[in-house]
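Chains as they are written, first to last, in the numbering used here: chain A, 1 to 60; chain B, 1 to 564.
To be clear, the hints were calculated from the coordinates, so they are not data collected in a lab. Keep in mind that a hint or two might mislead.
Stated by the list, open to error - Taking lysine-lysine pairs in the DSBU-like style, the calculated list, with each CA pair at most 30 angstroms apart, reads:
| no. | chain 1 | residue 1 | chain 2 | residue 2 |
| --- | --- | --- | --- | --- |
| 1 | A | Lys30 | A | Lys46 |
| 2 | A | Lys46 | B | Lys468 |
| 3 | A | Lys51 | B | Lys119 |
| 4 | B | Lys468 | B | Lys418 |
| 5 | A | Lys46 | B | Lys42 |
| 6 | B | Lys371 | A | Lys30 |
| 7 | B | Lys468 | B | Lys119 |
| 8 | B | Lys308 | B | Lys42 |
| 9 | B | Lys468 | A | Lys30 |
| 10 | A | Lys51 | B | Lys468 |
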Amino acid sequence: MNPHRPNGNAQVDLDREAEPTTEPVQPIQKVQEVLLEIAEDARRLKNRYPKETVVPEGGE
Amino acid sequence: MLFGRLLGQETEYAIRFAPERRHPGNDVIYDALAGAIAARVKTEPGFYPERPQIFTENGGAFHYEYLPYCAEGGLIEGATPECRGPAQLLLYQKAQETLLSQAVSDAERTLRSSGFPGKLGLLKNCRDAEDHVYGAQESFQATLATGFPLSLYRLLLGGLLPLLAATVVLGWVVFIALAVLVLGAALLSTVAIALPPFRQRSFFVRLVSREDRSLENALGRFLYALSYLVTLPFIASFSLLLRLLAFRRVRRRATAFLVSRPVISGAGSVTAGGEFVLSEKAPAIRRVLRFSISPNDRSIFDVGNLMKPALAAAHLHVAPMIALFRREQRLQLGLADSSMLQEAEFLKAGATALVLEMVEAGALDDAPRLKRPIRALHALVSDPSLETEVATDRGPMTALQIQRFYLERAMAFVRNAKATSMEALQVTELWREVLGALERREISSLVGRIDWVTKRYLLETCGDPRDKALLKTIDLRYHELAEGYAARLERSGCARRLVQEMEIERATRFPPEGTPAFTRGRFIRAREPSLSPVRISWESARIGGRLHGRVVHFRADGARERER
Numbered sequence: 001m002n003p004h005r006p007n008g009n010a011q012v013d014l015d016r017e018a019e020p021t022t023e024p025v026q027p028i029q030k031v032q033e034v035l036l037e038i039a040e041d042a043r044r045l046k047n048r049y050p051k052e053t054v055v056p057e058g059g060e
Numbered sequence: 001m002l003f004g005r006l007l008g009q010e011t012e013y014a015i016r017f018a019p020e021r022r023h024p025g026n027d028v029i030y031d032a033l034a035g036a037i038a039a040r041v042k043t044e045p046g047f048y049p050e051r052p053q054i055f056t057e058n059g060g061a062f063h064y065e066y067l068p069y070c071a072e073g074g075l076i077e078g079a080t081p082e083c084r085g086p087a088q089l090l091l092y093q094k095a096q097e098t099l100l101s102q103a104v105s106d107a108e109r110t111l112r113s114s115g116f117p118g119k120l121g122l123l124k125n126c127r128d129a130e131d132h133v134y135g136a137q138e139s140f141q142a143t144l145a146t147g148f149p150l151s152l153y154r155l156l157l158g159g160l161l162p163l164l165a166a167t168v169v170l171g172w173v174v175f176i177a178l179a180v181l182v183l184g185a186a187l188l189s190t191v192a193i194a195l196p197p198f199r200q201r202s203f204f205v206r207l208v209s210r211e212d213r214s215l216e217n218a219l220g221r222f223l224y225a226l227s228y229l230v231t232l233p234f235i236a237s238f239s240l241l242l243r244l245l246a247f248r249r250v251r252r253r254a255t256a257f258l259v260s261r262p263v264i265s266g267a268g269s270v271t272a273g274g275e276f277v278l279s280e281k282a283p284a285i286r287r288v289l290r291f292s293i294s295p296n297d298r299s300i301f302d303v304g305n306l307m308k309p310a311l312a313a314a315h316l317h318v319a320p321m322i323a324l325f326r327r328e329q330r331l332q333l334g335l336a337d338s339s340m341l342q343e344a345e346f347l348k349a350g351a352t353a354l355v356l357e358m359v360e361a362g363a364l365d366d367a368p369r370l371k372r373p374i375r376a377l378h379a380l381v382s383d384p385s386l387e388t389e390v391a392t393d394r395g396p397m398t399a400l401q402i403q404r405f406y407l408e409r410a411m412a413f414v415r416n417a418k419a420t421s422m423e424a425l426q427v428t429e430l431w432r433e434v435l436g437a438l439e440r441r442e443i444s445s446l447v448g449r450i451d452w453v454t455k456r457y458l459l460e461t462c463g464d465p466r467d468k469a470l471l472k473t474i475d476l477r478y479h480e481l482a483e484g485y486a487a488r489l490e491r492s493g494c495a496r497r498l499v500q501e502m503e504i505e506r507a508t509r510f511p512p513e514g515t516p517a518f519t520r521g522r523f524i525r526a527r528e529p530s531l532s533p534v535r536i537s538w539e540s541a542r543i544g545g546r547l548h549g550r551v552v553h554f555r556a557d558g559a560r561e562r563e564r
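With these hints in hand, go ahead and build the complete structure from the sequences.
This is the structure:
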């Protein structure tokens, strides 16, 4: 499945808690869940990840 | 036959290790990963004992890629087996990533039990947060030259042999002199180490120390500089020869395609200044054709793979040098980003293979030629709006217009081919879809399909333009195997899969048929551990010692083996 820019030009509301639901997961909801997860993960890692992944002399 | 040529990829993976106590060095991490891979599939060691390398039973290989002056800061390089066609290449690239992903957790446990607890990850990317560049290289079987230019190439290459022989002799003299010096110093240090005042200062202690590797790296830098100087006359002459005669048709007719290709195959990157560019590697490209063996001499056509076999003569291996006289050679592209999305990977390899087919068939003799290719490359990848025009012999053209030219030619070429190829049709159809969406500026429809579009979308939706660290984290983490953002999008169904898990799992163990990898893989699979030691190269396997052992050659058609 291709999200095709879910929900138009929607931005993820990072401050909103994900609400539990028993309804079947819809594609757009699924995409938003992934985006929320990615946003949280990036904020959690941002102070160390770029340093941890440095390759001192590069490569070919 | 379309897609009859061999193709493959080499991918350098950055190592991320977040230690709980101390970092073991990437060379130790490589050993743990190689051990974990060997526990999952059959492997055999590579040909050169001094080079950490393993070949796997699917015909591919892994090795520790490092510079002599930074032994602890290297990368994991994975090489796919030789494949035929982009679908097979995609399958074996994913098999490589699967093997590495599975090995990560096992390697983590090994490191923990060795006193290095921490979190391990691998990034399939090409540029780190400090703008060091590394990453992917693509290889395609291609015709080096034909007719008179080929004869002239062979003649001049033969003329360089005395210079190569002199280089090898000089190299050995320098090496022996240095070895005597270092051994002498080590001997003195060993004596000195017995004396309390020198115990902690000894040259020898520092040389073998795993804690402080500054002396080892300084020695490595000196040797690297020395080998660069010793080989310079031969390499410069050989480079000149390659510049004059090697892959001239491809360079003339495919350079515009490759320079504009990042619009469909770029991985996207956030620069140190916070700007978004279409490609990770393109901004670091400095030449059309490589001129030296320096890793910083990055080029669109990377002929370093032809220089290395010549220098193998220093190890008294002449077969790689003889192979340089062949008409068919491995054309290596340095202008190559690491693709994360399956459609992007398939399109990148497929479109490029088709362009090479057309070049060799004479179907691109009127292809646009860029007036200043490197300047054009840097301008095109710096403009995500895709509006920038570059100077060609047909007047100013955008990247999309250049790609449109090649696509139209490819569609006609595939349509008129003697034998219909479904795979080629799939490539042109995907190319048409992607290019059409870019031309109509329906760019968001390519989220989950094209890497730079997808990464940019994540940066816009999950990032904050004022927070550079957050943007760079998204940029980098996008590329991490298993836990990265591209992988998460794929798992959640937001990115299309072209190959399935079961196929990939099988490809970790079985080599592609009809290729040299098939005999290599079959050889590794059939080996009994108790037999004589074996060392594998891309061309052959040596069983037993150098003097009394035997050699099995892997044939290009993958059908038969020849022994001597």
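Cross-check of the supplied hints:
1. Lys30/A / Lys46/A: 24 angstroms, holds
2. Lys46/A / Lys468/B: Judged against 30 angstroms, a Cα distance of about 9 angstroms means the pair holds.
3. Lys51/A / Lys119/B: This hinted pair holds, its Cα atoms lying about 14 angstroms apart.
4. Lys468/B / Lys418/B: Given pair Lys468/B, Lys418/B is violated - Cα atoms ~53 angstroms apart, limit 30 angstroms.
5. Lys46/A / Lys42/B: This hinted pair is violated, its Cα atoms lying about 38 angstroms apart.
6. Lys371/B / Lys30/A: 47 angstroms, violated
7. Lys468/B / Lys119/B: Roughly 24 angstroms between the alpha carbons, so the hint for Lys468/B and Lys119/B holds.
8. Lys308/B / Lys42/B: 28 angstroms, holds
9. Lys468/B / Lys30/A: 27 angstroms, holds
10. Lys51/A / Lys468/B: 13 angstroms, holds
Checked against the numbered hints given earlier, this structure breaks hints 4, 5 and 6; the rest are met.
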